[in-house]
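Colleague: Residue strings, one per chain:
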Amino acid sequence: MSKIRQIGCEEALKQLLEYLDQELGEQHSHEVDQHLSTCRSCYSRMEFEKRLKQRLQDAGRQEVPDTLKDRINRLFAEQNKN
Amino acid sequence: MTVPMTENPPQPDPDLRAFCEQEIAAMLDRLYAAALRLTKGRCDAEDLVADTIVKVLDNLHSLQDRASFRGWVFRILHNTFISNCRTRLARPEDNVSSLHTPEGEAPEQFWLFDRLHQPFLLWWGNQEQEFLDRLMAEDMVRAIDALPDAFRMVVVLADIEGFSYREIADALELEVGTVRSRLSRGRSLLQKALWDYARETGIVSGPAPSRDER
Ligand SMILES: [Zn+2]
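These protein sequence lines are chains A and B, in that order. Following this note's numbering, the numbering of the first sequence begins with 400 at its first residue and continues without gaps. Following this note's numbering, the numbering of the second sequence begins with 2 at its first residue and continues without gaps.
Treat each hint with caution, since some may be false.
Claimed, not checked - Keeping only pairs whose Cα atoms sit at most 25 Å apart, straight-line, the calculated BS3-like set for lysine-lysine is: (1) A:K452 with B:K56; (2) B:K41 with B:K193; (3) A:K413 with B:K193; (4) A:K468 with B:K193.
Just so you know, these hints were derived from the structure itself, not from any lab.
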């Protein structure tokens with residue numbers, strides 16, 4: 400395996416969101432890892448984006464109403480009668 | 002619409018039905034979450050989910066591969082949303098051209114993080130943490146709902162559903178590159194909206210936004 404290429408803040412920032420989405424691929428992901436381990440500013444930025452993503456996910460989730468659950472169960476029951 | 006409709010659909014084997022029922026039960030909260038944000042609560046999200054499941058059941062025989070079940074169901078959800086709800090919800094900013102060509106030149110990325118680190122803002126402790134703590138779930142939802150359709154769906158699938166870019170591309174019938182660019186633009190718009198709410202509600206205060214900030 401070749402040595403990990405050094406990248407700067409600008410390049411790390413450009414790839415940050417795809418890094419958090421785990422869409423970068425192994426090599427680029429290692430490069431960002433490497434940068435984050437040495438750069439406090441980019442590290443706190445990454446932490447912020449990660450927490451924001453988590454907050455969005457939490458905010459988007461809602462309990463399924465019982466009316467919908469019943470409706471879906473009825474759909475399956477009907478289907479299984481055939 | 003990729004779902005073929007036949008007069009007398011062949012019956013899927015009972016095993017496949019059981020699989021479908023199990024999978025739907027496991028993903029129902031996620032389907033509902035996506036339906037809520039697609040419809041912004043204006044067109045009934047429950048109807049959208051139920052209509053989707055009817056189509057899933059009717060077309061189960063055309064499922065190619067069980068591994069792609071989740072993406073297939075979300076594709077049906079999306080297509081059902083477009084055919085059932087969009088016409089009723091049509092707003093000028095969601096017109097066809099903005100739906101199909103949001104790929105115009107990308108303005109510079111808006112980073113909340115940079116705004117939070119502007120020197121005129123005064124914070125006690127950790128400004129990022131404090132900002133996130135003060136934003137309410139309803140601010141998040143409002144910011145998502147404010148996104149134009151084409152960006153909203155990509156952001157919902159990536160950030161709420163945790164789909165990979167490939168899965169989003171399959172569900173929305175887009176190229177992966179298009180998913181990438183819409184996601185980047187959508188998140189930028191989202192961060193801008195959150196920043197604007199934070200200023201409106203006084204979570205952050207400071208001098209009025211300058212012209213070039215707008
Ligand atoms: Zn850096």
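Colleague: Going straight from one Cα to the other, do K41 (chain B) and K193 (chain B) come out at no more than 25 Å?
Modeller: Holds, at roughly 19 Å.
Colleague: Could you grab the alpha-carbon distance between K452 (chain A) and K56 (chain B) and see if it respects the 25 Å cut-off?
Modeller: violated, 32 Å
Colleague: Between K468 (chain A) and K193 (chain B), does the CA-CA distance stay at or below 25 Å?
Modeller: Violated, at about 36 Å.
Colleague: Checking one constraint from the list: CA of K413 (chain A) to CA of K193 (chain B), max 25 Å. Satisfied?
Modeller: holds, 18 Å
Hints 1, 4 from the list above are not met by this structure, while the remaining hints are.
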